[in-house]
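Read off the chains here:
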Amino acid sequence: MTTALKRYGLGIIAIAATVVVFIIPLIFMALTAVKDRKEAAKLDFSWPTNFQFVENFTQVLSARKFMLVTAFINSTILTVASVAILVVLAAMVAWVLQRRKSRWNGLANFLILSGLIIPPAIVPTVWILQSMGLFKTLPGLILIEVAFGLSFCVLLFRAFISSIPKELDEAAVIDGCGPIRLFFRVIFPLLRSVIVTVIVVQSVAIFNDFQHPLYFLPGDANATVQLTLFNFQSQFTTSYNLLFMNILLITIPPFIMYLFFNRQIVAGMTAGAVKG
Amino acid sequence: MTLNTAPTPTAVRQLPQTAPAKRRKGKSPYPYWFYLPAAVVYTALFLVPTFASFFFSFTRWTLTDFTFIGLDNFIQFFQEPALLKGLTNTFIYGLVTSVLKVILGMLLAVLLTSQIIARGYLRSVIFFPVLLSSIGVGIVFTVLMDPRNGMINEALAAIGVQGPAWLTDPAWALISVALVDVWKGVGLAAVIYIAGIVSIPQEYFEAAKMDGASSAKCFFNITLPLARPATATVIILSLIGGLRSFDLIWAMTKGGPGFTSDVIASVIYKQYQAGFYGLSTAGNVVLFLIVTAIILPLSMFLNRKEVEQ
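For the record, the sequence lines run as chains A and B.
Just so we're on the same page, this note's numbering is the position in the first sequence counted from 1, plus 76.
Just so we're on the same page, this note's numbering is the position in the second sequence counted from 1, plus 524.
The reader is advised that the hints may include incorrect statements.
[Stated by the list, open to error] Quick look at which bits of chain A chain B covers, simulated, 3 or more residues with Cβ under 8 Å:
(1) 86-93
(2) 195-202
(3) 222-234
(4) 250-260
(5) 305-316
(6) 321-332
[What the hints assert, rightly or not] Once the Cα atoms are required to be at most 27 Å apart in a straight line, the calculated DSS-like pairs of lysine-lysine come out as:
(7) Lys118(A) with Lys778(B)
(8) Lys141(A) with Lys212(A)
(9) Lys82(A) with Lys778(B)
(10) Lys551(B) with Lys177(A)
[To be verified] Computed footprint of chain A on chain B, listed as stretches where at least three residues anywhere in the stretch have a Cβ under 8 Å from a Cβ of chain A:
(11) 579-590
(12) 682-694
(13) 742-750
(14) 769-782
I should point out that these hints are in silico values taken from the structure, not numbers from a laboratory.
Every residue gets a Cβ at the ideal spot worked out from N, C-alpha and C, and that includes glycine.
The following block holds chain A by itself, in its conformation from the complex (with noise of 0.2 Å):
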């Protein structure tokens, strides 16, 4: 009697609490998107009574010669190419790393644990961009997010690794396997799993990235997502209905990573936590 009390009851007021808390704000957010601009003014919880969501969508879209539609192929582009690199990158420092013991090894660890402490120096790295001519340029935030999200891919890669016998690998070289065949036909396919845990996590974070597109790649012609709703922010001050179409758009992508992904996301951000 009381465990079922206790069951639906305390359920009951979590399910409460959490439409309070989580729920209503998307739907406000949802909601003032479709709304005209006079009754989003109003800023308040209410079912639009004139519903134009075609007319802000396409508004939207169209502002400043079609910003945003350029932002969203600038940080497609930028997400793919960063996560492919990582995910190569690491995979290959990871292989090494956790199946060739060497005095390396502690100063490899240090460097990684590094990348996850420490704040990035900005000026310095503006000042290293600038040099090699890859300032405000799509290539140069591309190497800086491969150069930040590499530690914790490291850490991910090498936690799973770690579980696939050595056995295999000392296999494919009495068959005569080189290590570029062996890593790449022989590991890196055993790696899916968590290869797909490594691209939805990264490709969300790097999607809503903000503050190193601000800093690396300033400028209207190739700002990203974040950049472009940023900037909108101070443009349409008095038409929050546009700024949060704005919102309700490029959250679709993560919302769609989660939807598919749940499982993989959750596992990779406690995985990779628990190690960092």
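Since the structure of chain A is provided, determine the placement of chain B on it from the hints.
Below, chain B alone, put in the same frame as chain A:
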């Protein structure tokens, strides 16, 4: 795609003659040059700037030219009220967010591992904000926290409470942002705690129940001590995030009103925008020192206790 095509031709060509001979000479199948591409990127864009920051923090710097000015940047950092405020705010922000995340995350995790209905729903809803963009969350909450028309204050007024002016009140601005940070990040803390609690063997709870322990006793004597690794992780993670946080503050207050909600990360950005590169770099060095001075001893302390058990 390049992975599959690029390496094969070379590997195939080498294999018959050279490769086995080399390996007999003790060549490892785990070549060091696998480190190389990652090491180059990491060194050029992370390690070199980190070391360079120590040097340039002692200079007045225009990116092309620098003059050595000793400790002036640091002295300015600790003397100018606007900059000093950023320093204290960083501590407040880090402390408030991590304490709240530890407490709320723990409570939520205990709730979500108990026998209540709709656990799947609750878990997904609490975790979802972790994946939202900070800028989006910041804008939504700036609207919700509007002192007059905002939903939060209207809801408070409905139950007869006069809400504070949140982001426009100098006394509340920083705390408001910290609360939003907790809203966004508590899901991660809860999920880490859930992983920790689930790994505690059920027999402990059963044995305790047999001996007549109350659920409060179970929590304080079993769950809390045995979930210590999770606690360590949550504290360390949220402190690192909290001390370095920039996005939310920049989206919600830009350090205002005045400079009352500035943190070091926003000071660094402001000085960078103003062209004071040396001062900005000094801010980076200060942040680096604070983060390492707090995180290193703390993680050593938390991990040592873990081993003793």
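Right, here's what the structure says about each hint:
A count of 5 residues in the stretch 86-93 of chain A with a Cβ less than 8 Å from any Cβ of chain B is obtained; the coverage claim is therefore met, three being the minimum. Figure legend: the stretch 195-202 of chain A, annotated as covered by chain B; annotation consistent (8 residues with Cβ-Cβ distances under 8 Å, at least 3 required). Residues of the stretch 222-234 of chain A with a Cβ under 8 Å from some Cβ of chain B number 5, which satisfies the need for three, so the listed coverage holds. A stretch counts as covered by a chain when three or more of its residues have a beta carbon under 8 Å from one of that chain; for the stretch 250-260 of chain A and chain B the count is 9, and the coverage holds.
By the rule of at least three residues with a Cβ nearer than 8 Å to a Cβ of chain B, the coverage given for the stretch 305-316 of chain A holds, with 4 such residues. Counting residues of the stretch 321-332 of chain A whose CB falls under 8 Å from any CB of chain B gives 5; the rule of at least 3 is met. At roughly 24 Å between alpha-carbon atoms, Lys118(A) and Lys778(B) fall within 27 Å of each other, so this suggested pair holds. Taking the CA atoms of Lys141(A) and Lys212(A), the gap is about 20 Å. The hint holds against a cut of 27 Å.
For the hint linking Lys82(A) to Lys778(B), the alpha-carbon distance of about 45 Å lies beyond 27 Å, and the restraint is violated. This hinted pair checks out: Lys551(B) and Lys177(A) have alpha carbons roughly 14 Å apart, not beyond 27 Å. For the stretch 579-590 of chain B, the assignment as covered by chain A holds, since 3 residues bring a beta-carbon within under 8 Å of that chain's beta-carbons and 3 suffice. For a cut-off of 8 Å, the count of residues in the stretch 682-694 of chain B with a CB near a CB of chain A stands at 0, and the three-residue condition is violated.
With 0 residues bearing a CB less than 8 Å from a CB of chain A, the stretch 742-750 of chain B misses the requirement of three and the coverage assertion fails. Under the rule that three or more residues need a Cβ within less than 8 Å of chain A, the assignment of the stretch 769-782 of chain B holds, with 4 such residues.
In summary, the structure is inconsistent with hints 9, 12 and 13 from the numbered list given earlier, while agreeing with the others.
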